[in-house]
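There are 2 protein chains.
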Amino acid sequence: MDHDTDLNITLIGTGTIGLSFAAFHLSHTLSPSRLTIYDTRPNLEQYVQETLPKFYEEHPNSIPFSKIQIATSLKEAVSNAHIIQESGPENLQIKRELWVRVEKYAPKNALLWSSTSGIPASQQAQDMTDKTRLLVVHPYNPPHIMPLLELVPSPSTSDQVIQRTQDFWKARGRVPIHIKSETTGFVANRLAFALLREAIHLVDAGVVSVSEVDKIVESSMGPRWAVAGPFRSYHAGGGSAGLEGFFKNIGGTVQECWDDAGRVNAGKDEGWEEKVFKEAREVYGVVDTGERDRVTRRILDVLKEERDGAAREREISDSLQSESEVRLSSK
Amino acid sequence: MDHDTDLNITLIGTGTIGLSFAAFHLSHTLSPSRLTIYDTRPNLEQYVQETLPKFYEEHPNSIPFSKIQIATSLKEAVSNAHIIQESGPENLQIKRELWVRVEKYAPKNALLWSSTSGIPASQQAQDMTDKTRLLVVHPYNPPHIMPLLELVPSPSTSDQVIQRTQDFWKARGRVPIHIKSETTGFVANRLAFALLREAIHLVDAGVVSVSEVDKIVESSMGPRWAVAGPFRSYHAGGGSAGLEGFFKNIGGTVQECWDDAGRVNAGKDEGWEEKVFKEAREVYGVVDTGERDRVTRRILDVLKEERDGAAREREISDSLQSESEVRLSSK
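Line by line, the protein sequences give chains R and H.
Quick note: the first sequence uses UniProt numbering, first residue 1, plus one each step.
Quick note: the second sequence uses UniProt numbering, first residue 1, plus one each step.
Read the hints as simulated data drawn from the structure, not as lab findings.
Virtual Cβ for every residue (Gly too), placed ideally from N, Cα, C.
One or more of the hints may lead you astray.
[Said to hold, decoys possible] Only part of the chain R face toward chain H is listed, based on derived beta-carbon distances under 10 angstroms: (1) Y105; (2) E150; (3) S154; (4) P155; (5) S156; (6) T184; (7) R197; (8) E198; (9) R224; (10) V227; (11) L243; (12) D259; (13) L303.
So here's chain R without its partners, still in its complex pose (with noise of 0.2 angstroms):
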């Protein structure tokens, strides 16, 4: 099933996430392979022409859009497919019925992803015969623009499977990780959101505003963590003593700001949200995503350009390595 040119990928659901998901197989799947869409929605063909074009750029190669087929039974959508990915409602009785009918329908060895960002696919899979085929594959918004993939497992999905879904990824360029327990929320919003609580907070305590909370992100760790992540940031910070070195100079400062996280004004938290939400409605107004994702894309661009490079060099180096060993082994 991994030839790129064969494989039958069925979409199910049509949402934001769904879309987009599409968009990204479209330009990311070889032509002739076939990018089947579900959903219960009325309508559905007339639909998808009309929003998907939003998300998608045409590629030479790849799946063209007049190709797309929409089929009007969740049989007829799995029965031949390689990979099911369903991007449905966030409701756990839903997705349990789905995976029942899915199982039903689908080859035995067909993929299956949820896109869920909070429901995990041991709950989802209770009712399935087989569980070692499904699998979460939470994306970050939207997945046709960014690479990270979060591949969430059950304890009863298969290594292979989620090898499988690994080289899926990877091999179109995508950032695919392992999440090793089914952790409420998963790991990339626990993150941002524990960011994003102390930010409230802040907001709230009247220490910054919201669009200050932004430009300050936007001016220090955003560009900073685009290009290396929190933990390599912090390594780098402690010099040649790493990051155990970074705790040595500043740990003091650090534990301080943990100690203190959420505690300025301590108890007024309560009631946060008028004043946030509308702080944020009337500094942004209704954001343009197209501007703001086109920025992303360049940005990406750079950093892909940049890795690429730094692979290429590593190829090389690692190549000149080789020859010389060739030759040292040879002498």
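With chain R fixed as given, assemble chain H onto it according to the hints.
Structure of chain H alone, referenced to chain R:
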């Protein structure tokens, strides 16, 4: 003093931060302004000659490297200064004594800035006669590259001093943010450390590794937050309903993450240091910050280009609007 070509800037302290600020001022201050450097370090002149060029790129029209003045006493360093910026050791007693001596020799209206990452201006100024001029100007490391400056005044700092400081940095394309109270760790570090804490916890609990956390952040919130900070991003995530809509949709998951933060495999967090430090060392060795800074600059250049472009478009649309208003009012 704001006449840019006749500005005397004095830096006290020549650690990494001090030298990085020296590089910034050299390239952002029009000649024939003067940059004076003072430190109690032995062989200061030789040291500056040897280490500063690592940070520095010569710019046309700005102070040439050869014109840096090395002061041999504090009195000499500050007597004619318009701006005095200290980046000395993080030690309250040293800073308290420094400002008393600076006050004795410096012109009455010189701006006094501390680069401290944690010692509030109100504590540093305790022994000063005039406490209105001192404020913290906390950079995000390294300041010759990163745009953020947190301006953290004490309750005694005058509004005029805050305003002059903001004007100085804005005129140089930087992002000075006025922090409204002397919060422990200020704001940027509090936000970053909140995320770091959860990251450490998840690594310690075995959910992800050090390098996986970095890959996650580098391929999701890093690039996203470089373009749009957390509030703006989640406000956009709520569509036309904004941040409130975002919380209506997934506030449940957010709250679950907040409630669960630090609680995966609860109780294990004691003694995370050894595991996390070791993993960082093994995975990263000594980080090449030159490479990191070069790529960060590219990202910041893209962001600056986009923001300048957006600002130009706003100007054009404003001027078109005022033209049309003029025409309307002259009818």
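Status of each hint after checking the structure:
1. Restraint check, Y105 (chain R) versus chain H: the minimum CB separation of about 31 angstroms is more than 10 angstroms; hint violated.
2. Hint status for E150 (chain R) relative to chain H: holds, with the closest Cβ pair at about 7 angstroms, below 10 angstroms.
3. For S154 (chain R), the shortest C-beta to C-beta distance to chain H is roughly 14 angstroms, which exceeds 10 angstroms, and the interface hint is violated.
4. Annotation: P155 (chain R) was flagged as interfacial toward chain H, and the flag is violated, the nearest CB pair being 14 angstroms apart, outside 10 angstroms.
5. This hint is violated: S156 (chain R) has a C-beta 18 angstroms from the nearest C-beta of chain H, more than the 10 angstroms allowed.
6. With 10 angstroms as the threshold, the beta carbon of T184 (chain R) comes within range of chain H, its nearest partner Cβ sitting at about 4 angstroms, so the hint holds.
7. About 5 angstroms separates the beta-carbon of R197 (chain R) from the nearest beta-carbon of chain H, less than 10 angstroms, and the hint is met.
8. Using the Cβ-Cβ criterion of 10 angstroms, the hint placing E198 (chain R) at the interface with chain H is satisfied: the shortest such distance is roughly 4 angstroms.
9. Satisfaction of the interface hint for R224 (chain R) is found here, the shortest Cβ-Cβ separation to chain H being roughly 6 angstroms, below the 10 angstroms cut-off.
10. For V227 (chain R), the shortest C-beta to C-beta distance to chain H is roughly 5 angstroms, which falls under 10 angstroms, so the interface hint holds.
11. Proximity of L243 (chain R) to chain H holds as hinted, the smallest CB-CB distance being about 4 angstroms (cut-off 10 angstroms).
12. With its C-beta approaching chain H no nearer than about 8 angstroms, D259 (chain R) sits inside the 10 angstroms limit, and its interface hint holds.
13. Contact between L303 (chain R) and chain H, as hinted, is supported at the beta carbon level, the nearest pair being about 7 angstroms apart and thus within 10 angstroms.
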